[in-house]
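Participant: Working from the sequences, and respecting the hints, build out all of it.
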Amino acid sequence: MQIKGIPVGQLGTNCYIVTDETCGKCAVIDPGDESGLILDYLEANHLSCEVIMLTHGHHDHWLGLDGVREGTGAPAYINKKDAFLKTGPAKPMKFPADEDIRYYAEGDTIQVGSLSFSVLETPGHSSGSVCLVCENAIFSGDTLFRDSCGRTDFEDGDMNAMLRSLLRLDSLQGDYEVYPGHMEYTSLDRERAYNYYITYAKNALGKA
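If you count by my numbering, then the sequence shown holds residues 647 to 854, one letter each, in order.
These are computed hints drawn from the structure, not numbers from a lab.
Treat the hints with care, since some could be wrong.
Label-pair distances were calculated between CB atoms; the ranges are [said to hold, decoys possible]: (1) Glu752 with Phe730: 38 to 46 Å; (2) Gln648 with Gly734: 34 to 42 Å; (3) Tyr846 with Gly820: 33 to 41 Å; (4) Ala736 with Leu818: 35 to 43 Å; (5) Gln656 with Ser764: 29 to 37 Å; (6) Ser817 with Glu716: 37 to 45 Å; (7) Thr668 with Glu716: 21 to 29 Å; (8) Arg814 with Asp712: 29 to 37 Å; (9) Ser833 with Pro653: 14 to 22 Å; (10) Glu781 with Met829: 16 to 24 Å.
Derived DSS-like pairs (lysine-lysine); straight-line CA-CA distance at most 27 Å [to be verified]: (11) Lys737 with Lys726; (12) Lys671 with Lys650; (13) Lys727 with Lys737; (14) Lys732 with Lys671.
Cβ atoms here follow ideal geometry from the backbone N, Cα and C, with glycine treated the same way.
Facilitator: What follows is the structure, encoded as structure tokens:
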């Protein structure tokens with residue numbers, strides 16, 4: 647598995663291209679902007695994008711989606727709790743879905759070549775936030791950051807749900823590389839040891 651992070655957009659969202667090197671098939675996670683930059687990387691490395699996955703519905707994680715979809719023909723997935731149909735009323739902080747959008751939920755698996763991405767629902771930053779687990783990597787969106795976690799003061803945010811989600815990640819067996827939606831990469835063991843919000847979640851929920 648090869649992981650390429652490309653910071654895109656004004657907020658420096660980490661877009662990830664995750665590739666099965668044996669066949670050149672890949673997934674694009676959170677194309678937050680600058681679709682041309684993402685497509686250029688795919689073309690330069692002769693990669694076939696099989697799927698696009700969104701960790702949640704905030705605009706800085708999907709502004710480049712249409713360009714990547716048009717350039718690759720790949721289907722796109724989001725958790726339904728973070729989407730609304732374009733034909734319905736606008737909902738700030740939600741993804742405007744069209745009829746071609748697909749939905750995934752807790753326990754679903756997305757296959758890309760030999761790579762399997764497992765969907766974990768981790769609400770808190772938004773009601774439909776997910777983490778995607780593939781081999782020894784967690785693509786944590788805006789749930790878990792290095793030394794921090796995602797904001798919960800936006801519409802649809804929930805600090806209690808965030809604490810439960812952090813505790814769930816903490817309870818995973820073994821260590822993982824953590825690839826967040828913004829800022830530096832980290833590891834789950836490091837965050838278990840140093841992340842204030844994980845420690846707080848353990849204490850608040852009686853799991854210390």
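Participant: Now tell me if each hint is right for this structure.
Facilitator: Here is what the structure says about each hint:
The beta-carbon spacing between glutamate 752 and phenylalanine 730, approximately 20 Å, falls outside the hinted interval of 38 to 46 Å. Checked against the hint of 34 to 42 Å, the C-beta distance between glutamine 648 and glycine 734 comes to roughly 39 Å, which is consistent with it. At about 23 Å, the CB distance of tyrosine 846 to glycine 820 disagrees with the hint of 33 to 41 Å. Our hint of 35 to 43 Å for alanine 736 and leucine 818 holds, since their Cβ atoms are close to 36 Å apart.
Take glutamine 656 and serine 764: their Cβ atoms lie about 31 Å apart, and the range 29 to 37 Å holds. Separation of serine 817 from glutamate 716 is about 40 Å and conforms to the stated range, judged on CB atoms against 37 to 45 Å. Look at threonine 668 against glutamate 716: about 27 Å separates their beta carbons, and that is inside 21 to 29 Å. A C-beta distance of roughly 32 Å is found between arginine 814 and aspartate 712, which places it inside the suggested range of 29 to 37 Å.
Our hint of 14 to 22 Å for serine 833 and proline 653 holds, since their Cβ atoms are close to 20 Å apart. Look at glutamate 781 against methionine 829: about 22 Å separates their beta carbons, and that is inside 16 to 24 Å. Under the criterion of a C-alpha separation no larger than 27 Å, the hint pairing lysine 737 with lysine 726 is consistent with the structure, at around 13 Å. For the suggested pair lysine 671 and lysine 650, the alpha carbons sit about 13 Å apart, so the restraint of at most 27 Å is met.
The suggested pairing of lysine 727 with lysine 737 holds, with an alpha-carbon distance near 12 Å, which does not exceed 27 Å. The hinted pair formed by lysine 732 and lysine 671 fails the criterion: a straight-line CA distance of about 30 Å is larger than 27 Å.
Of the numbered hints listed earlier, those contradicted by the structure are 1, 3 and 14.
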